[in-house]
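*Asks:* Residues per chain, in single letters:
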Amino acid sequence: MCLAVPARLIDCRGTKATADLHGNRVEISTVLIPPCKPGDWVLLHAGFAIQTLDEQEAQETWAIIKDLPKTGGKP
Amino acid sequence: MSTVILPRAEAQTKESLRRLRVAAKALSRPVKFMEVCGTHTMSAFRCGLHSLMPRNVTLLSGPGCPVCVTSQGDIDQLIELARDRAVTLCTYGDMLRVVGSEGSLEQCRAEGADVRVVYSSLDAVKLAAENPRREVVFAAVGFETTTPASAAAVIEANRLGLENFSILSTHKLIIPAMRALLESGDVQVDGFLCPGHVAVIIGAAVFEPIVQEYHRPCVIAGFEGPQIAAALARLTELVVEGRAALENLYSQAVTEEGNRAAQAIIEEVFMPADWQWRGLGKLKCSGLALRFAYARYDARTRFALGAPTGRETPGCRCGDVITGRATPIDCKLFATACTPVRALGPCMVSSEGTCQAWFKYHHLRTPKKVRAGSL
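As they're listed, the protein sequences go chains A and B.
When we follow this note's numbering, the leftmost residue of the first sequence carries the number 528, and every step to the right adds one.
When we follow this note's numbering, the leftmost residue of the second sequence carries the number 48, and every step to the right adds one.
Misleading hints may appear alongside valid ones.
Here are the simulated BS3-like pairs of lysine-lysine, each with C-alpha atoms no more than 27 Å apart in a straight line [what the hints assert, rightly or not]: (1) B/379 <-> B/61; (2) B/79 <-> B/407; (3) B/72 <-> B/329; (4) B/379 <-> B/407; (5) A/564 <-> B/173; (6) B/61 <-> A/543.
So the derived label-pair ranges between C-beta atoms look like this [as the list claims (entries may be wrong)]: (7) A/564 <-> B/292: 47 to 57 Å; (8) A/554 <-> B/95: 15 to 25 Å; (9) B/232 <-> A/537: 44 to 54 Å.
Sample of chain B residues at the chain A side, in silico, Cβ under 7 Å [stated by the list, open to error]: (10) 100; (11) 166; (12) 196; (13) 300.
In short, the hints are calculated from the structure, not lab data.
Yeah, the Cβ is synthetic: ideal placement off N, Cα and C, and Gly gets one too.
Can you build the whole structure from these sequences, using the hints too?
*Replies:* If you want it as structure tokens, here you go:
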């Protein structure tokens, strides 16, 4: 339940934002993080951004998550 | 990008496992570490980490899966609410199939109850705003990672002046559970693999008392295989060095003080309460109840729910499994009467439960002589 995944913000409106979740666009709340701008990476949990992330770290996490099915697991 | 990253992750994992093996050889006795997060449980099993570990180092699953630690009485209260024809019960998907004393939320839904799976707590608030004639109740389940979302939902409902929204809080705190486990003395835990996303919210420093008062090393880690392997290597090295220390290997997301905005929103809406846990009993100040200022959003008061009681499924050992006292194969129901398709206990229901992880990734590969005993 505590799973959180990196997402990239593509539109910010006050404490709400649209995030790109590897191709899926989701409406999220940014009330828990400092003011952000499109292009920023965040850690997303249950519709809430809970932390801002460095782009390189976010990309590395996605690369490992994407690779999981090839090793027999589910993403 | 992944053509560069993945070989590096693989190299990091190999190096961590090498360090783990070297440190394990220097151990004077077998050690047991415990993770206290359902996401760690599933991730470690999924990437086959248990099969790569030295025989004298064991990773136990502790009380970290929110679905699994929710008491039978709390599940019964959710089911009681769902059966109320005036109620629309909103829940995260994890709770849907958990079996209470009589049935599950999924069965209630099949019988006509209005049970909705939501992705975010704010979806429940939106549903309440759009359906003023329905009583919308949100099942507020989870540890500190999930709690700010519930707090934000209550604040949003208050801002909108909603009269038909409430939550049933079973939110729990991880530190009291870790303390209770160590104080019970009946489980050997030589160090903790601490939950990365809980630490994002509460901050790394909160684990310091476990190190200072109980002299157990604590290592905070992320959730991918390479990160868990690195944490296990570090924990083993700390035991060999005879040092109880707190180390943060997830510094890209976890800070010393945590997410202050999230802590503030939790503090505004919730207050500590004595909460009942599966397997651990009632623990002092281990949960979060709504503060008096937000008491009108408390479903327990609004629907005059009685004190939770709850009847455990006969033979189910989930309580022992989530406290490390037993492994799933010690339970007679495991992989016989209790399977992911027809789960009897929450640890088999939950996609992060220890029993489901063992069933999917572990037990058929475990040698018979090991399956007959514990890990």
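*Asks:* Quick one: which hint numbers does this structure break? Sort them smallest to largest.
*Replies:* 1, 3, 6, 7, 8, 10
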